[in-house]
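A.B. asks: One-letter residues, chain by chain:
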Amino acid sequence: MERHLMDSKIKGVSTGTTILAVTFNGGVIIGSDSRASIGGYYVSSKTINKLIQVHDRIFCCIAGSLADAQAVTKAAKFQISFHSIQMESPPLVKAAASVLKELCYNNKEELQAGFITAGWDRKKGPQVYTVALGGMLLSQPFTIGGSGSTYIYGYADAKYKPDMSKEECLQFATNALALAMGRDNVSGGVAHLVVITEEGLEHVVIPGDKLPKFHDE
Amino acid sequence: MLEESSEPGWLSEEVKTGTTIIAIEFDGGVVLGSDSRVSAGETVVNRVMNKLSLLHDKIYCALSGSAADAQTIAEMVNYQLDVHSIEVGEDPQVRSAATLVKNISYKYKEELSAHLIVAGWDKRGGGQVYVTLNGLLSRQPFAVGGSGSSYVYGFVDAEYRKAMSKEDCQQFVVNTLSLAMSRDGSSGGVAYLVTIDEKGAEEKCILGNELPTFYDQ
Chain A
1 MERHLMDSKI KGVSTGTTIL AVTFNGGVII GSDSRASIGG YYVSSKTINK LIQVHDRIFC
61 CIAGSLADAQ AVTKAAKFQI SFHSIQMESP PLVKAAASVL KELCYNNKEE LQAGFITAGW
121 DRKKGPQVYT VALGGMLLSQ PFTIGGSGST YIYGYADAKY KPDMSKEECL QFATNALALA
181 MGRDNVSGGV AHLVVITEEG LEHVVIPGDK LPKFHDE
Chain B
218 MLEESSEPGW LSEEVKTGTT IIAIEFDGGV VLGSDSRVSA GETVVNRVMN KLSLLHDKIY
278 CALSGSAADA QTIAEMVNYQ LDVHSIEVGE DPQVRSAATL VKNISYKYKE ELSAHLIVAG
338 WDKRGGGQVY VTLNGLLSRQ PFAVGGSGSS YVYGFVDAEY RKAMSKEDCQ QFVVNTLSLA
398 MSRDGSSGGV AYLVTIDEKG AEEKCILGNE LPTFYDQ
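Quick mapping for you: the protein sequence lines, in order, are chains A and B.
Quick note, the first sequence lines up with residues 1 to 217 if you use my numbering.
Quick note, the second sequence lines up with residues 218 to 434 if you use my numbering.
Keep in mind the hints are simulated off the structure, nothing from the lab.
We treat Cβ as the ideally placed atom computed from N, Cα and C, and that holds for glycine.
Among the hints, erroneous ones may be present.
Heads up, simulated DSS-like pairs for lysine-lysine below, C-alpha to C-alpha not over 25 Å straight-line [claimed, not checked]:
no.: 1; chain 1: A; residue 1: Lys159; chain 2: A; residue 2: Lys74
no.: 2; chain 1: B; residue 1: Lys421; chain 2: B; residue 2: Lys383
no.: 3; chain 1: A; residue 1: Lys74; chain 2: A; residue 2: Lys108
no.: 4; chain 1: A; residue 1: Lys210; chain 2: B; residue 2: Lys379
no.: 5; chain 1: A; residue 1: Lys124; chain 2: A; residue 2: Lys166
no.: 6; chain 1: A; residue 1: Lys159; chain 2: B; residue 2: Lys324
no.: 7; chain 1: A; residue 1: Lys46; chain 2: A; residue 2: Lys74
no.: 8; chain 1: A; residue 1: Lys213; chain 2: B; residue 2: Lys379
no.: 9; chain 1: A; residue 1: Lys94; chain 2: A; residue 2: Lys161
no.: 10; chain 1: A; residue 1: Lys46; chain 2: A; residue 2: Lys161
no.: 11; chain 1: A; residue 1: Lys159; chain 2: B; residue 2: Lys416
no.: 12; chain 1: A; residue 1: Lys210; chain 2: A; residue 2: Lys166
Partner residues are not named here, just some residues of chain A that face chain B (Cβ under 7 Å, in silico) [what the hints assert, rightly or not]:
no.: 13; residue: Tyr41
no.: 14; residue: Thr150
no.: 15; residue: Tyr151
no.: 16; residue: Pro207
no.: 17; residue: Gly208
Make the full structure from the sequences, and use the hints.
C.D. replies: Below, the structure written as structure tokens:
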């Protein structure tokens with residue numbers, strides 16, 4: 001049997017992880033688990049927050065080497081605020097994603113991290129962008145990433161519908177994270193979810209024992 | 218895999234049934250399903266192979282891993298079961314078939330790389346599904362295997378319910394196969410289904426364009 005783990009060979013602290021972002025009618029939900037591990041053997045943190053705010057209505061989440069991810073997001077956050085001051089308006093989600101893409105592409109030899117950027121802007125509303133390992137930028141209605149995402153491709157393909165309501169989308173994201181955390185040994189802990197809409201942000205944390213349970217639990 | 222080799226994959230690569238297989242029990246029988254792709258490296262050497270092999274009238278197994286190893290195990294167990302059923306004077310139990318597969322898998326675990334799921338119906342235990350991965354023997358309400366199974370763990374965890382009817386099980390198997398085939402490069406082609414109950418085994422083939430489709434961006 002072949003297994004297709006995307007970031008299982010990373011040395012050092014890695015966020016072997018499950019991350020996802022889903023658009024719904026009027027906003028976007030970005031979510032992740034909270035486990036950081038070393039080599040898949042030792043859980044170095046049970047409650048790490050992988051959802052980084054890069055601007056008022058733009059978040060990104062990180063998968064891969066934790067050190068790389070933190071360094072890149074710090075640089076990106078600075079560049080995005082600077083860009084926003086120059087333009088005298090809130091940045092577009094696409095601009096934020098492009099900043100991350102440039103950093104990933106230009107440093108592709110040294111870096112080992114993939115990103116999901118999600119947010120809301122006045123021009124295009126809710127959007128989700130993926131920046132893959134080599135620096136490819138892609139816009140999608142929803143996306144999943146990290147080692148745990150392998151197990152929920154089937155679930156996400158089957159259950160996603162365009163134009164969901166906020167509650168349906170929250171249920172979809174929570175279920176997907178719970179299923180991935182149940183099968184992937186390097187994903188776990190609590191589920192962090194951020195709901196981004198024109199009005200503002202809502203941070204939802206679901207502890208392990210309140211996650212939805214499925215047939216074998 | 219960006220390098221181009223001058224010779225086609227099937228000349229040098231081992232033939233694998235990188236695959237998706239699934240078996241599920243219902244009250245009164247079992248349903249087995251598989252895709253039909255056999256690959257050697259990047260080449261598809263057979264796009265219509267039936268990976269559901271008969272071990273006895275009401276016992277089938279689903280093949281995955283190395284094609285040669287899996288087929289050989291199935292043939293050997295088919296022979297051993299014929300002898301066994303003559304000795305006991307009645308149809309063999311599913312557990313006996315699974316034990317024979319397990320014995321071979323365990324004894325030659327270093328040399329073989331095949332995983333068979335054994336499922337069938339007998340009058341003592343009704344419908345049963347056994348997994349024999351790496352030489353273990355375990356009965357489960359349902360089982361998935363092969364390279365494509367990673368992508369549908371989340372889906373089967375979410376969708377499985379106890380006490381499904383025969384038609385629900387068939388739909389569950391077809392949906393799962395369809396999702397896995399659309400995400401796994403080593404699975405594809407047509408879907409084969411076998412439904413086994415007290416009356417016998419019924420084989421069915423569902424062509425690629427008749428498979429259910431899900432949201433595709």
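A.B. asks: Now look at each hint and say whether the structure bears it out.
C.D. replies: Hint check results:
Pair hint lysine 159 (chain A) plus lysine 74 (chain A) does not hold up; C-alpha atoms about 34 Å apart against a cutoff of 25 Å. Between lysine 421 (chain B) and lysine 383 (chain B), the direct Cα distance comes to roughly 14 Å. Compliance with the 25 Å bound is thereby established for this hinted pair. About 17 Å separates the Cα atoms of lysine 74 (chain A) and lysine 108 (chain A), which keeps this hinted pair within 25 Å; it holds. Our distance criterion of 25 Å between C-alpha atoms is met by lysine 210 (chain A) and lysine 379 (chain B), whose separation comes to about 22 Å.
The hinted pair formed by lysine 124 (chain A) and lysine 166 (chain A) meets the criterion: a straight-line CA distance of about 18 Å does not exceed 25 Å. About 42 Å separates the Cα atoms of lysine 159 (chain A) and lysine 324 (chain B), which puts this hinted pair outside 25 Å; it is violated. In summary, the hint linking lysine 46 (chain A) to lysine 74 (chain A) is supported, as the alpha carbons are separated by about 22 Å, within the 25 Å threshold. Annotation: proposed proximity of lysine 213 (chain A) to lysine 379 (chain B) holds, straight-line Cα distance about 14 Å (limit 25 Å).
Distance hint between lysine 94 (chain A) and lysine 161 (chain A) is fulfilled; the C-alpha atoms sit about 23 Å from each other, no more than 25 Å. Pair hint lysine 46 (chain A) plus lysine 161 (chain A) does not hold up; C-alpha atoms about 32 Å apart against a cutoff of 25 Å. Restraint check for lysine 159 (chain A) and lysine 416 (chain B): not satisfied, since their Cα atoms lie roughly 36 Å apart, outside the 25 Å limit. Using a Cα cut-off of 25 Å, the hinted pair lysine 210 (chain A) and lysine 166 (chain A) holds, with the two alpha carbons roughly 19 Å apart.
Because the closest C-beta pair between tyrosine 41 (chain A) and chain B is about 21 Å apart, greater than 7 Å, the hint is violated. Checking threonine 150 (chain A) against chain B by beta carbon gives a least distance of about 5 Å; that is within 7 Å, so the hint holds. The interface hint given for tyrosine 151 (chain A) holds, since its Cβ lies 4 Å from the closest Cβ of chain B, which is under the 7 Å cut-off. Annotation: proline 207 (chain A) was flagged as interfacial toward chain B, and the flag is violated, the nearest CB pair being 20 Å apart, outside 7 Å.
Using the Cβ-Cβ criterion of 7 Å, the hint placing glycine 208 (chain A) at the interface with chain B is not satisfied: the shortest such distance is roughly 16 Å.
Checked against the numbered hints listed earlier, the structure breaks hints 1, 6, 10, 11, 13, 16 and 17; every other hint is satisfied.
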